[in-house]
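Trainee: Spelled out, the chains give:
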Amino acid sequence: MSGLFSILNTGDLGMQAMQSALDVTSHNVANADTTGYTRETVDLQALAPTNPSLDASSANEVGTGVTVQDISRIRDALNDYQVRQATSANSTLTNTSNYLSQIQTIMNEPSNTGISSLIGTFFSDWSSVATDATTGSSARTTLVQGTQTLTDTLNSVYNQLQNLKTDCQTSIQSQIVNANTQLNETDELNQQIIDVSSNGGTPNDLMDQRDLLLDNLSQSFDITTTSGNQNGITLTVPTSTGGSATTAPTTLINPTDSSSESRLAYISDITPTTTPITYPTDVTLTYYKNGDTSSASNEVTINVTGLSEAQYNELDENRVLVTNNDGNIPAMDTTTPPTSVDISQLTTLNSTDGVLQGLTQSQQSIDNYTDQLNTVAKAIALAVNTVESGTTAAAGDTNPFFVNSSEATYTTDNSGNATLNSSYLTNIDDNEENITAGNISVNTAILNNPDLIQAGSGTSGSGDGTRALAIANLGNLSLDIQDMSSTDGRTYFAATDSNLVADTNGISTLPASSNGTTFSNYFTSSITNLGEQTSQAQQQLTNQTAVLNSLTQTRTSTSGVSTDEEMTNLIQYQHAYEANAKIISTVDELLGVVINNLKTS
Amino acid sequence: MRITSQMLSSNFLYDLNNNLNNMQTYQQQMASGSLISKPSDNPLGTSKVMKINSEMAENQQYRTTISDATNWINVTDSTLGEVNNVLQKVNELVVSAGNATYTTAQLQSVKDEINQNVSQLGQLMNTSYGGKYIFGGTCYSTEPMGTTTGTSAGNAADITAGTIPGNGNIGLNYVDSSGNPIPTDTSSQTTTQTNQIANINSPLEAEISQGVTIQYNVTASDVMNFTGSGGTTTDLGTLLNQITNDLDNSNTSNLTGADLTNIQAAITNVSNVTTKVGALENRMSSAQTENQAENTSLTGVLSSTDDVDYAQASMDYSQAQSVYQASLQVSSDILQKSLIDYLT
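Residue numbers (this note's numbering), protein chains in the order written: chain A, 141 to 741; chain B, 3 to 346.
Isolated chain A, as found in the complex (with noise of 0.2 Å):
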């Protein structure tokens, strides 16, 4: 008898063990298509016999059925690991390269509207009053016309270029916003994950659920992550700290104390307390607890000390303070926090890959071809400004022809003339260092009237076009401009009048400099790298998406679920499920057979 009972428990069993495997191949079909999804299969193993022995009575003895002995993922740890570190390095390049072509668009080149063609337009219209130098010629007014156009484009060029930098920095912000977010998930997936496998669950669909939040964190920064007991995970990214170039790595989730866990936070503003900025300085900085900017009370304003030119930047292009879970800086987490913290107290973020990164190196571009731009525009000015006015002495110059339009004042007369205020030729020297391409403009004085223009030699006819002449060949000049800095002024180029040279016609101009360049091949050179640049990020990013493409494909040939491949299970348990169910029924049978019809009175 025990024994058709116990034939009766193993198709039980069985079918019981097919349910299960049934279970499992619709859950699969169901999540087909599910992004993150991970297949399951069932572990069946056989049941061995209840009481072994090791009497010859027993030796034939049978197993007695088949259990489910787990439900397990199919998932490949190291390809985790690989897809997302080619997560991260595809994210770096996505926004590099995105960023280099926006840089691209604005520059607007090869083009006949862009700068290189305005520049020369400029040159040639000195040229145009060399021939037609009387006050009052149509001449004149299309040199101050022409120069307008070529102040107004570059002061767009670099209002966009710094709009760009703004959405980079507006980037950084909602990354750390979502970043913020997911690993607050994480840790409550990770907190359930560890109960359920504590209470000796296996939760398959909250570790693909947690599997996707760090594949999506990958894409933000790079990312370590360690398996601990009952299959918790504790997460870190590099970090350093005052800006040191060795990292560290930082607690993000931590499966036993989450209140440990470092967040991220988003630098809204870095002001210096002094301008102009002298180094090393003190800077007043903003940030928003956890990146968040929709409430006032998540700002916070401290005071930051000794920073570097290099951290100053750093700070500037980075925006990402790592801090406490609360949301404070460490320096800051005391009973009476500091007004004033130093450099050396502050940790950032120093991951080499993600869209944080990314968006910092997409910055250092943007800031790198601003500053050419703004060397090309002030090393015209000043040029232009010394010819005409003969003297390197800015302070001789009473009407300059290019001003630094921030700085300039003017006083206009009834008739519609302007004069230059003696407050902007006061600080003259200052004012023309700091011109750059985003302030500089023809002096409005010179722009109503333009026979104001010092055209000739200043002591001959009203026709002598001689100095618009050597102005003209400005354009065709080799000068160092390539190594101007933003504190150089006229005298960047001839430290004093002694240094003029007097060209064919007695004009004094800029000497010639054996390794400089022309102002036109200068903005040519730049557009190269720019092009160079973008071209060879575009073409990293094909080959790093392939790269990430063929990963993720493997991981989708491991843990995929293939339709074709649940149906032919489906057939298959389907079968063994009917097989049980007709060996009860047999069962059955022979359990009526010896019940009912052994003992007939």
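Hints may be right or wrong, so weigh each one.
[Claimed, not checked] Sample of chain B residues at the chain A side, in silico, Cβ under 8 Å: (1) Ile5; (2) Met9; (3) Tyr16; (4) Pro41; (5) Glu60; (6) Thr67; (7) Asp70; (8) Asn73; (9) Gly139; (10) Cys141; (11) Glu209; (12) Gln212; (13) Leu337; (14) Leu341.
Think of the hints as simulated: they come from the structure by calculation, not from any bench.
Ideal Cβ positions, reconstructed from N, Cα and C, are used throughout, including at glycine.
Take the given structure of chain A and dock chain B to it, following the hints.
Mentor: Same frame as chain A, now just chain B:
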């Protein structure tokens, strides 16, 4: 390797995107006609294109300058021809006045004719082109010369020396910016007047090619100053005053002597200047030819760097198109089938 249908579709999408990218590149090239639409397409090519564009613009500016200068020189040439004619007439009149049989009245009529010629000369010296006086040097916005009619109040010694015209005679002289005559004697000129004459006689230069400038004007002093009899520099205005004065005084020995030699020297001077102008015209003509040749060669280089070869581009495009269509066709067949279609 285990393949799932998800892999098939994601592969298909990835390759489809690449095909479309290729097609878009060719489409853009053919529509715009240039290979380089942004620097990243070809950084070195971009550098070349930008440099050539700026050189071509510079070349264009030189062409305008050459053209303006050429027109100026042509006007100068024809004016100098007229000046020569006037001086020839004066020469004939001086020769005829040397005839001993002329009465005072006849000499007077010769003198009247010469006065008319002096006025005409004054007009010719004030020829303008495009609002600029061609003999005015850097003061080309005001007339460089003018005529003065002598009065009876004139100093006799001055009249004899020729610095002012005699009574009723017309003299040719420089004028300042207000139109007042400038005395010939440098010691009686004001500083402004001396500067004015220096400016009238200064060169106008034009840049016809990089680093190459030419003087394209003839100054008033080029015409007015010549080496007269006795080897000294003489002024044409002074000479004409002396001629009319000699006619007034019926001084035939001067007329047939120094005056005749001087007027002939003046004519020789003008024809020398005309020859120089002729040479300048040839120079400008060859400069123009060079300029056009340079423009053509720059355009050629630009075209070879940047222009699309339509034959090549169309072939590449149709190839990309057929790859795209093939991928669409094959994938649509494969992606639609699965085991489920065959299970009953």
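Trainee: Please go over all the hints and tell whether each is borne out by the structure.
Mentor: Hint-by-hint comparison with the structure:
1. Ile5: 7 Å, holds
2. Met9: Cβ of Met9 of chain B sits 5 Å from chain A, so the hint holds.
3. Tyr16: Holds, about 6 Å.
4. Pro41: 3 Å, holds
5. Glu60: Because about 7 Å separates Glu60 of chain B from the closest Cβ in chain A, which is inside the 8 Å limit, the hint holds.
6. Thr67: 6 Å, holds
7. Asp70: Nearest chain A Cβ about 6 Å off; hint holds.
8. Asn73: At about 11 Å, which exceeds the 8 Å cut-off, the nearest Cβ of chain A leaves the hint on Asn73 of chain B violated.
9. Gly139: 6 Å, holds
10. Cys141: 4 Å, holds
11. Glu209: At 6 Å from the nearest chain A Cβ, Glu209 of chain B passes the 8 Å test, so the hint holds.
12. Gln212: 6 Å, holds
13. Leu337: 12 Å, violated
14. Leu341: 4 Å, holds
Checked against the numbered hints given earlier, this structure breaks hints 8 and 13; the rest are met.
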